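**Q** Could you build all of it, start to finish, from the sequences and the hints given here?
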Amino acid sequence: MIKKITYAVGAMALLFGLWGVYIRLFQGEQSANYGSYIGWGLWVAMYLFLAGLAAGAYMLATLDYLFNVPQFKGMGKTMLWAALVTLPAGLASIGMDLGHMERIWKVYLEPNFTSFLALMVWGYTIFLILILISLYLALTQPDKKPMKIVMWIGFVVSILVAGGVGFLLGGNASRLFWHVGLLPVQFPVFAIASGAALMLLIVGWFMPALEEKQRGDLLWLLAIITIATSVAKLYFLFADLTQSLYGGATDNVIAIQYMLTGPHAFMFWGVQIVLGLVIPVFVLAQPKLAKNGFVAGLMGLFLMIGYAAARILIVVPGQVAEMMPGQAEAFHGPKLTLAYTPSLMEWSVTSAVMGFAILGILIGMDYLLGYLARFTEAKK
Amino acid sequence: MSNPNEATLIEKYASEVFAGLVAPLDGVEISALAVDDPLAKEDVLMRMNAELKRALEKSASERHWVMVIDLRHCVGCHACTVACIAENKLPPGVVYRPVMTEEVGTYPNVTMKFLPRPCMQCENSPCTEVCPVTATYHNEEGVVVVDYDQCIGCRACMAACPYGARTFDFGYNYAEQLPVFDGAVIGGKTAAGYEHASQEYGEARKRSGRHESPVGNVRKCHFCLHRIKDGMLPACTTTCIGRATYFGDANDPDSLVTELINKPNVIRLKEELGTEPRVYYVV
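Protein sequence lines correspond, in order, to chains L and W.
Read in our numbering, the first sequence has 17 at position 17, and its numbers run on one by one without any break.
Read in our numbering, the second sequence has 173 at position 173, and its numbers run on one by one without any break.
Since the hints were made in silico from the structure, they are not lab data.
Keep in mind that this is a model prediction, so the values were computed, not measured.
Using N, Cα and C, we set each Cβ at its ideal position, and we do this for glycine too.
Everything hinted at is true.
Covered stretches of chain W (in silico footprint by chain L; criterion: 3 or more residues with CB under 8 Å from a CB of chain L, positions within the stretch not fixed):
| hint | stretch |
| --- | --- |
| 1 | 94 to 107 |
| 2 | 121 to 133 |
| 3 | 150 to 161 |
| 4 | 170 to 182 |
| 5 | 213 to 226 |
The calculated lysine to any residue pairs, modelled on SDA-like cross-linking and capped at a C-alpha distance of 25 Å, are:
| hint | chain 1 | residue 1 | chain 2 | residue 2 |
| --- | --- | --- | --- | --- |
| 6 | L | Lys106 | W | Glu129 |
| 7 | W | Lys113 | L | Ile254 |
| 8 | L | Lys3 | L | Glu211 |
| 9 | W | Lys229 | W | Ala50 |
**A** Dropping the structure here:
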C-alpha cells in the first residue's frame, strides 16, 4: 500500500514539475525568485542535498561490499542504484540553475581547473561513472577483486566529492558565513547521515520481504548511525553558531539572525531541528520503534526533509548580508533584492527532480535491478 | 597664477570650498587654487583625455588602467550610474556602477556619505578564479572582462565577488511593456531598437530573445573598454558633475591617477581580502 502511495506521490510530483521545467526551459529564469544578490537558491540547495544523498548511499554500499557488515549484506545493489538515481537528479537541479545550460559541455572541453566548480563537475562525472561500474560489477562479480578495487576508489571519491561541495561554498572568502574551515569536513558527515536516512526509508517501507531478523538489525544499526551523525551535526551547528555570534562579525551575525529569527525561521526551528532532528532521534533511540518498518521509514522521510531544509539554510543565509553597505537600496530593479522565497516555478522544478528520483528508485528496485540481475545471469 | 605662499596659507587656514569667505590677512590676496594641486592646472577631463591618448600609443600590456574616485567631491547625483546604463544599454536589474548612499550621524550632526562602486578590476580577482570555463578573465590591459558566449551562467563569480559588483541578466527589457504603434516613431518598437544596440566590448549585440547572450549571463563594469579603444574616457568619468571620478594609466608617472594614488589619503575597499583592486578612493 505504502509503495503504491509513494508511486502516486512520485508521479504527481513529476507531473506538477513538468510545468516548471517547461517554464524554465522555454521562458527563462524570470519567474525564479533568486536574483543578483541572492544568486543561489533552492535549486543549488537541492543539488547539495541530492549529491550528498548519492555520496552517502555509495558510502553505505561499501558497508556491504568492502567492510562486509553483516546487517548490510545484500543491500549494496539497492544503495548503488539509489546513488545512480539521486546523483543525476542533483545534477539536473543544478543544471536548471545555469543561465546557459546548453554550454555545459564547455566545462569538459574548455575547463578552468583553478575553478573549484569545474573540478566538482569533473569529480561528479567521475563519481557517476564509478557508480555505474560499481553497479555493473555488483550484478556480475560482486565478490571478486575488481569490485573491491572499484569500490575502494569510489569510497574515496565519494568522500572527496561530498567534502568538495562544502569547499565550493567555503572557498568564498568574501562570504563569512560559508568561509568556515569545518564546512568541507561537515559535508561528508551530512552525506552519511543522508544515506542512512534514505536507507531507513527504503528498508522500512519498501523491503518488507527482507528476512525479519536482518531487517530489524539493519534498521537498528541505521538508527544508531542516524543518532550518531545527528549528534555530530548538532555539535557542528552549535560550534558554528556560537563561534560566529561570539566573534560578532557583521555578515555572520546577519546570516545567523536570518536563520534563527528571520522570515524563514520556521524552516530552521520547525523543519530542520524539530522534524529533521529531535523527533527522529527521539523515536529511533527506542529499539522497538526503530525496528518497526513503517516508523523507521517515516523517520527516514522526516530526516531527509530536515536535511534538505538544512541545505537551504546553508546556501541562502550566506548571501543575505549586503556585500557593500547600502547595496540593496543603491539601485532598484527586478531581482535586486536581499529577500528570497522560492517561487512556484522553482518549487515545481524541484518537484520534478524529486518525482524523478522517487520513481527512479522505486522502478529500479521493483523492475530494473531484478531484470538486470536475470539478464547478467542468463548471459553467464 | 598664485604664488606658493598663497597656497600654503589657504591649506593652513581654510578649505578650498570656503576659501572665498576668508578675509585677506595682512593684505595678502588668497586664491582658492593651490599650485601643486593637479586639479587646478586645467580641467581634469582635458588632461585625462590627453593622457588616455598617450597611453593608447603604448602596447596594451604596458597600460595599467586604474580608476580613482574622490569621495570628497561626490555629491551623490547618480549621474555616473545613469550614464553607465545609457552607454551600455543595461536592462532592468543590471547595474554596473551603483552609488551606495549612507546617512551618517544623528540630528543635528547628520550628513550623507556616497560611495560609487564600479567593478574593482581586482588583480587577484576571486571572480575569475572560480569561473569554470574561463568566461571571465583579465584582458591584456588587466581589466576583468566577460565573454558572454563562453559564460554558462552558473553565477559562481557573483557569489565570489566581495564587492557585489556583478549582476545577472534575467532578460528583462525596459521597452517590453510599452504599447506598439505601427508606423510611428514612438512606442515599443522604436524604444526597443534603441535599447538593443549595446556596444559593450565592441560587439553590438542585439537582445533578440530571452535566451541569447548576454541574457543568462553575469555582467559587470569593464571600464568602458569600447570607449577607451576609441580614445574616450569611461562614461562614468566624463559625466561626473563633481569631477570626482578619474581614470588613466597608472604606468604613466605623469598621469593624474598616478599622482592621486600615491597620496596618503587614498584607500582601496576590503584590502584585507588581498584582491588588489584597481579602483582607489580619495578620502
